[in-house]
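Protein chains: 2
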Amino acid sequence: MNKVYIIGVGLIGGSLAIDIKKLNKEVVIYGVDKSESHLNEALSLGVIDKKANLKDIKEADLVVVAIPVDATVKLLPEILDLVSDDTIVFDVGSTKVAICNAVKEHPKRRNFLAAHPIAGTEFSGPSAAHVGLYKDKTNIICEVEETAFKLQEKALKLFSDIGMRIRYMKPIAHDKHIAYVSHLSHISSFMLGKTVIEKEKNERDIFDMAGSGFESTVRLAKSSPEMWTPIFEQNKNNVVETLDEYIQNLKHFKSLIEDEKFDLVNKEMKDTNRIKKILKGIK
Amino acid sequence: MNKVYIIGVGLIGGSLAIDIKKLNKEVVIYGVDKSESHLNEALSLGVIDKKANLKDIKEADLVVVAIPVDATVKLLPEILDLVSDDTIVFDVGSTKVAICNAVKEHPKRRNFLAAHPIAGTEFSGPSAAHVGLYKDKTNIICEVEETAFKLQEKALKLFSDIGMRIRYMKPIAHDKHIAYVSHLSHISSFMLGKTVIEKEKNERDIFDMAGSGFESTVRLAKSSPEMWTPIFEQNKNNVVETLDEYIQNLKHFKSLIEDEKFDLVNKEMKDTNRIKKILKGIK
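Chains A and H, in that order, are what the protein sequence lines are.
Using my numbering, read the first sequence as starting at 12 and increasing by one per residue.
Using my numbering, read the second sequence as starting at 12 and increasing by one per residue.
Treat the hints loosely; a few may be bogus.
Same chains, same label: a pair holds when it works inside one copy or across any pair of copies.
[Unchecked claim] With a Cα cut of at most 27 Å, we get these calculated DSSO-like pairs of lysine-lysine:
no., residue 1, residue 2
1, Lys291, Lys66
2, Lys210, Lys66
3, Lys181, Lys161
4, Lys115, Lys146
5, Lys262, Lys272
6, Lys161, Lys146
7, Lys291, Lys212
8, Lys61, Lys115
9, Lys265, Lys212
10, Lys32, Lys210
11, Lys287, Lys148
12, Lys61, Lys146
13, Lys45, Lys115
14, Lys210, Lys262
15, Lys62, Lys85
16, Lys148, Lys168
17, Lys210, Lys148
18, Lys247, Lys262
19, Lys212, Lys272
20, Lys66, Lys165
21, Lys181, Lys212
22, Lys262, Lys212
23, Lys62, Lys14
24, Lys288, Lys210
Calculated from the structure, these hints are not laboratory results.
Turn these sequences into a full structure, and let the hints guide you.
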């Protein structure tokens, strides 16, 4: 591997660039981004070695597509059009059905690996990129059988080198499950932030009372709307289903409080405390 | 200050005990707890110096009441019955109206200071107690004018010594605001945990896909039901109001997704991103 192209030099693409460079000093990291200022920032931070254009990617050994999922659906067929037969291209998007569908019939489908590394923070942009983001995290690979074996191998070696463990799933199963453990968390956090901010309009000092519990619960409400809007769009049906269940559970909890059934309020929380054990498994 | 009685030697009371002892080596910390095993644990961890009984508190200089808010409402009048005229008693409960009302007409009302240190973690019990929990945190004091001046002074000096900043509020305002920035966060987190756990019954591997975002949002669902049930009971009206607003916001967000108004989905998140600036103010 000599030439690596990172399309989208933000938190996810930039952190991959840093890890790849750390492991392979000889590699040259080329950055492509629609934002010239992001590109310059990535260059000056040393996240990438050189600025590049999409048309140059025919010479790439590896192309990482780390842009919002709507842009991936649009750009991925063009990227596959451009790359050589020996290039492996993988994406990192939080939806997999729409992305896999976008290249289903593409003549270079076998150059593409659909991936979703479960890693990130609430921050974005090249300055958020950092070494080790992927260590001990899960990478979900979809439709692995659709990727040429020798090219898979390259990508999987890289994932293993940066410390990720692999899970294989079908795109439909991925999108359904990820709605629960990721997409719903983001909406619950955004709406919690909204509810409290609305209140604060009239009550200026309310945030003096907020502690670390509020901070933790509302952390994801700092996330980028440009990244998350297309995710909710592409995963609309699953997201709506999880929201329905969440709203149902909240209404039930509220009715228990209104009806003063506090033994059942206690039981709801006790049953959910089991999350402790489950979270221990999350790195 | 020579003799300090901590009623309830868990995370909150225990951490106060540790800070007090660190600042005043000569003080003897007496622990009172309805759980004998908690008391023994606190003693063996060095959180308290001696085990004691409630009836001994007549000799106390300071009494800290750090038990669930329903127990505080019940026990606080008895504690005030027992203490000497020079003893300052403060509580640390997450509701203030019911607690202040419970001692409104008590002949020793002036020995009591109503406090709510905004500090804690999702863990509980003596083993969760640790040094420095209160550093740079806010302590909300209610009805300060009802406490004897000389006794106030003792408590406020202690709060200042352990690094807390003070805010004065009326009990009604406290309970209303804290419902938004604390009680609602706990419910949103518990119900998120419930929604995902319910799903997991059929889909065993779902948690392999959960990342740090889910972990952060669901962290408060580890909290103690014994502590939180009476809080929701005492603050029922405010909690129901915040839940109504939260559910309304979630339903609206869901309808925007269902109606494919993704420009408005984006705007909702962008508007809420302002939480970044607000959270910077939270220590």
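Hints, verified against the model:
Proximity of lysine 291 and lysine 66 under a CA criterion of 27 Å is satisfied in neither setting, with 45 Å inside one chain copy and 42 Å between copies. In this assembly of identical chains, lysine 210 and lysine 66 lie within 27 Å of each other by CA distance neither inside one copy nor across copies; the values are 50 Å within and 45 Å between. When the C-alpha separation of lysine 181 and lysine 161 is checked against a cutoff of 27 Å, the pair qualifies only within one copy, where the shortest distance is 21 Å, while the shortest distance between copies is 69 Å. Neither within a single protomer nor between protomers do lysine 115 and lysine 146 lie at most 27 Å apart by alpha-carbon distance, with minima of 31 Å and 56 Å respectively.
In the homo-oligomer, the alpha carbons of lysine 262 and lysine 272 lie at most 27 Å apart both inside one protomer (14 Å) and across protomers (25 Å), since each shortest distance falls under that limit. For the identical chains of this complex, lysine 161 and lysine 146 are intra-copy neighbours only, at 24 Å inside a copy versus 56 Å across copies, given an alpha-carbon limit of 27 Å. Taking CA atoms no more than 27 Å apart as the test, lysine 291 paired with lysine 212 passes between copies only; the shortest distance there is 18 Å, against 38 Å inside one copy. Proximity of lysine 61 and lysine 115 under a CA criterion of 27 Å is satisfied in neither setting, with 32 Å inside one chain copy and 71 Å between copies.
Taking CA atoms no more than 27 Å apart as the test, lysine 265 paired with lysine 212 passes in both settings, with 25 Å inside one copy and 24 Å between copies. Taking the shortest alpha-carbon separations for lysine 32 and lysine 210, neither the intra-copy value of 47 Å nor the inter-copy value of 40 Å comes in at or below 27 Å. Taking CA atoms no more than 27 Å apart as the test, lysine 287 paired with lysine 148 passes in both settings, with 19 Å inside one copy and 26 Å between copies. For the homomeric pair lysine 61 and lysine 146, the shortest alpha-carbon distance inside one copy (25 Å) is at most 27 Å, but the shortest distance between copies (46 Å) is not.
Only within a single protomer do lysine 45 and lysine 115 lie at most 27 Å apart by alpha-carbon distance; the minimum there is 25 Å, versus 65 Å between protomers. Within a single copy, lysine 210 and lysine 262 get their C-alpha atoms as close as 20 Å, and across copies as close as 18 Å, so both meet the 27 Å cut-off. In this assembly of identical chains, lysine 62 and lysine 85 lie within 27 Å of each other by CA distance solely inside one copy; the values are 22 Å within and 69 Å between copies. Proximity of lysine 148 to lysine 168 under the C-alpha cut-off of 27 Å is restricted to the intra-copy arrangement: shortest distance 15 Å within a copy versus 47 Å between copies.
Proximity of lysine 210 to lysine 148 under the C-alpha cut-off of 27 Å is restricted to the inter-copy arrangement: shortest distance 22 Å between copies versus 37 Å within a copy. Taking identical chains as interchangeable, the C-alpha atoms of lysine 247 and lysine 262 lie at most 27 Å apart whether they share a chain (22 Å) or sit on different chains (14 Å). In this assembly of identical chains, lysine 212 and lysine 272 lie within 27 Å of each other by CA distance solely across copies; the values are 26 Å between and 33 Å within a copy. For a Cα distance limit of 27 Å, the shortest separation of lysine 66 from lysine 165 inside one copy, 23 Å, qualifies, whereas the shortest one across copies, 72 Å, does not.
Taking the shortest Cα distances, lysine 181 and lysine 212 sit within 27 Å of each other only across copies (20 Å), while inside one copy they are farther apart (45 Å). In the homo-oligomer, the alpha carbons of lysine 262 and lysine 212 lie at most 27 Å apart both inside one protomer (26 Å) and across protomers (21 Å), since each shortest distance falls under that limit. Proximity of lysine 62 to lysine 14 under the C-alpha cut-off of 27 Å is restricted to the intra-copy arrangement: shortest distance 12 Å within a copy versus 68 Å between copies. In the homo-oligomer, the alpha carbons of lysine 288 and lysine 210 lie at most 27 Å apart only across protomers (16 Å), although the nearest pairing inside one protomer, at 35 Å, exceeds that limit.
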